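K.L.:
Those sequence lines, one after another, are chains U and H. So for the first sequence, our numbering puts the first residue at 1; every next one is plus one. So for the second sequence, our numbering puts the first residue at 1; every next one is plus one.
Worth flagging that the hints you see were computed from the coordinates, not collected in a lab. There may be inaccurate statements among the hints.
[As the list claims (entries may be wrong)] With a straight-line cut-off of 30 Å between C-alpha atoms, the simulated BS3-like cross-links for lysine-lysine are: (1) U/K197 x U/K47; (2) U/K197 x H/K32; (3) U/K87 x H/K22.
Just so it is clear, the structure is predicted and the values come from calculations on it, not from any experiment.
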Amino acid sequence: MAGLISRGFLGRRRPAEVESRLPPGQYLVTDFPVLSAGPTPHTPLDKWSFTMEGLVRSPKTWSWAEFQKLPTETFTVDISCVTKWTKLDTKWLGVTVDTLLQAVQVDPAAHYVMAFSDGGYTTNVPLDEMVQGQAFVAYQFDDKPLAPEHGGPARLVVPHLYFWKSAKWIRGLRFMERDQPGFWESLGYHIHGDPWKEERYSGD
Amino acid sequence: MEQPVLQWQAGTVTAIRPETLKTKSFTLELPKWMAHRPGQHYDVRLTAPDGYQTQRSYSIASAPERMGELELTVERIEDGEVSPYLHDVLVPGDQLEVRGPIGGYFVWEVSLGGPLLLIAGGSGVVPLMAMLRHRAAQHATMPTRMLYSSRTADDVIYRDELDALAASDRTFEVFFSFTRQPPTGWTGYRRRIDAAMLGEVIKPFDKRARVYLCGPTLLVEAVANTLVQMELPTEQIRTERFGPSGA
């Protein structure tokens, strides 16, 4: 994307191996910024559940204790927030969406997923971008329980999309036939959100 | 909701005004100006001669009533890449690429009504100032209070304007708190925002308050949690946060 040359701007260059991992317009951070639209929900673990619903033969709900028994994997992934920061090599422990899908029979008509969270947050992701290890529900970050302000007890992580798609405080997935905008997607943010295509805002 | 496609445009810097030692306000004239909603932000993009680019988001400080132009207030981050350029290199007459306005949740307009409680930590006051300027431009009278926490008196952005607004508008009050060095003779708050302080400031509004809260993550987390404990409905609390990042 061409741009007006900014008089006197040289920029801060990173080593090529870092630069090549930063999507267009992004900059590197080493801390972990927090962004959310409202107060952080604090759901006690004995009240927490995770539900797969919508276009499935019969919905499935796990309690926190049951969810902990699901097979986990560790993931080391780069994450990019639409507010421009990218954090490399973040380390998570969680359950892949593939594992969760084994517990339900999804209707072949389902092509999209709406993730929903405590506090009413929602975000939409195409179903084919949730499978084959592309998305997971994480409850540990850096070998520690996921902090509430970062989405704990559990958050969705879809590292190949902008981080607003990685719904904090997730409570379930709803399977849908047609794509529908979630919270930010109906407030001017891109319906898909691929950082490498710089799909930040509606119309990008 | 119909969304406009946001395109990059080259704004012309028409004025640069120091606000505090670390913050400056930049006025840009935009060829394709459109009215923003107070609380929204713009993206700024810098391009080096070899094509290298970087972007940041900055809150709009001006009211949408100022047609054709835009004011961004930016804090200079010591080891930052963009804010030192804006502070140290940019001069009036220069062009700056921007696109916006962006964001549709942390916004307040007169039509949303009050009572309105604006809570700021540090440069988190910027989007709240856009709301206050819009409210003043519309001569709106819904009861409004601002609670603004700063480290020292020198760190307060828009101090004179806030004092003048409070002096001329009976429906607006501002409460400052200083966490490190209050001004000489200061008799007001001199601590981090806590439950007692929030209780005092929110009292006349009680649970009807519409709260907009912007500042560093720790402040926003603490204040939002306290407001929830005070049983303010969560849908009345809108937050915007910035961490140590955001250079």
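K.L.:
Next, verify each hint and record whether it holds.
P.N.:
Quick rundown of the hints versus the structure:
| no. | hint | in the structure |
| --- | --- | --- |
| 1 | U/K197 x U/K47 | 39 Å, violated |
| 2 | U/K197 x H/K32 | 25 Å, holds |
| 3 | U/K87 x H/K22 | 26 Å, holds |
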